[in-house]
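**Q** According to the numbering used here, the sequence shown is numbered sequentially starting from 1.
Everything labelled a hint here was simulated from the structure, so no lab data went into it. Computed from a predicted structure; not experimentally measured. Treat each hint with caution, since some may be false.
Cβ pair distances, simulated, as ranges [as the list claims (entries may be wrong)]:
#, residue 1, residue 2, range
1, Leu33, Asp66, 26 to 34 Å
2, Arg9, Met120, 20 to 28 Å
3, Cys178, Leu29, 39 to 47 Å
4, Lys96, Leu37, 32 to 40 Å
5, Phe156, Glu125, 16 to 24 Å
Quick list of in silico lysine-lysine cross-link-like pairs, DSSO-like style, CA-CA up to 27 Å [claimed, not checked]:
#, residue 1, residue 2
6, Lys139, Lys77
7, Lys113, Lys139
8, Lys63, Lys139
9, Lys77, Lys146
10, Lys146, Lys113
11, Lys63, Lys130
12, Lys63, Lys77
13, Lys153, Lys113
14, Lys154, Lys77
15, Lys113, Lys77
16, Lys146, Lys160
17, Lys154, Lys113
18, Lys153, Lys130
19, Lys139, Lys160
20, Lys96, Lys77
21, Lys77, Lys160
22, Lys146, Lys130
23, Lys63, Lys113
24, Lys63, Lys96
25, Lys139, Lys154
26, Lys146, Lys96
Positions of the beta carbon are idealized from the N, C-alpha and C atoms, including for glycine.
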Amino acid sequence: MDGTLLIGRSSFPYFALVAFEVSGVLRLLFLLLASPLAGLLYYFVSESAGIQVLIFATFVGMKVSDIESVARAVLPKFYSSDLHPESWRVFTSCGKRCVLTANPRIMVEAFLKDLLGVDMVLGTEIGTYKGRATGFVCKPGVLVGKNKADALKKAFGETKPDVGLGDRHTDIPFMAMC
């Protein structure tokens with residue numbers, strides 16, 4: 001999504017928005033303190049590791065219902081204002097629309113399905129326990145690189161999508177399948 005369907009290449013502002021809206025200033029401060037570590041991991045270790053830090057700092061201990069409420073009521077306004085016009089033009093010309101994203105599915109699904117008419121959302125799944133987010137990522141992990149290609153293969157089987165849009169080198173494995 002980030003940098004492809006959306007103009008902005010960073011999902012940090014959306015994580016910050018969820019952190020603030022659900023848990024207030026202290027959670028936002030925790031996320032801000034964790035962000036240098038996330039950035040270092042993202043750029044020097046792996047994209048997946050950096051995203052996992054953002055997910056943990058944002059979601060650990062939050063009620064899943066609160067995350068869903070913010071994802072449905074607050075995030076769409078901000079996502080809508082960041083839509084990339086050229087990507088949107090290509091995206092709307094497609095019949096069946098599927099979005100693969102490294103972002104947590106719980107954050108983006110309401111916007112993608114309700115406002116953009118997406119048929120299928122494949123995103124990173126966060127772990128939950130007794131209605132609260134653990135902050136950890138469920139298998140297969142953050143959907144980047146090979147994980148994104150594997151998720152596409154699992155969802156589509158032998159059928160190949162006609163069009164694939166991406167903006168990072170880690171998108172090449174799934175785009176090669178389109």
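**Q** Next step is simple, just say for each hint if it's right about the structure.
**A** Structure-based check of all given hints:
| no. | hint | result |
| --- | --- | --- |
| 1 | Leu33 to Asp66: 26 to 34 Å | violated (21 Å) |
| 2 | Arg9 to Met120: 20 to 28 Å | holds (23 Å) |
| 3 | Cys178 to Leu29: 39 to 47 Å | holds (41 Å) |
| 4 | Lys96 to Leu37: 32 to 40 Å | holds (39 Å) |
| 5 | Phe156 to Glu125: 16 to 24 Å | holds (18 Å) |
| 6 | Lys139 to Lys77 | violated (30 Å) |
| 7 | Lys113 to Lys139 | holds (23 Å) |
| 8 | Lys63 to Lys139 | holds (21 Å) |
| 9 | Lys77 to Lys146 | violated (31 Å) |
| 10 | Lys146 to Lys113 | holds (25 Å) |
| 11 | Lys63 to Lys130 | holds (9 Å) |
| 12 | Lys63 to Lys77 | holds (22 Å) |
| 13 | Lys153 to Lys113 | holds (21 Å) |
| 14 | Lys154 to Lys77 | violated (31 Å) |
| 15 | Lys113 to Lys77 | holds (14 Å) |
| 16 | Lys146 to Lys160 | holds (16 Å) |
| 17 | Lys154 to Lys113 | holds (20 Å) |
| 18 | Lys153 to Lys130 | violated (31 Å) |
| 19 | Lys139 to Lys160 | holds (23 Å) |
| 20 | Lys96 to Lys77 | holds (24 Å) |
| 21 | Lys77 to Lys160 | violated (32 Å) |
| 22 | Lys146 to Lys130 | violated (31 Å) |
| 23 | Lys63 to Lys113 | holds (22 Å) |
| 24 | Lys63 to Lys96 | violated (32 Å) |
| 25 | Lys139 to Lys154 | holds (14 Å) |
| 26 | Lys146 to Lys96 | holds (23 Å) |
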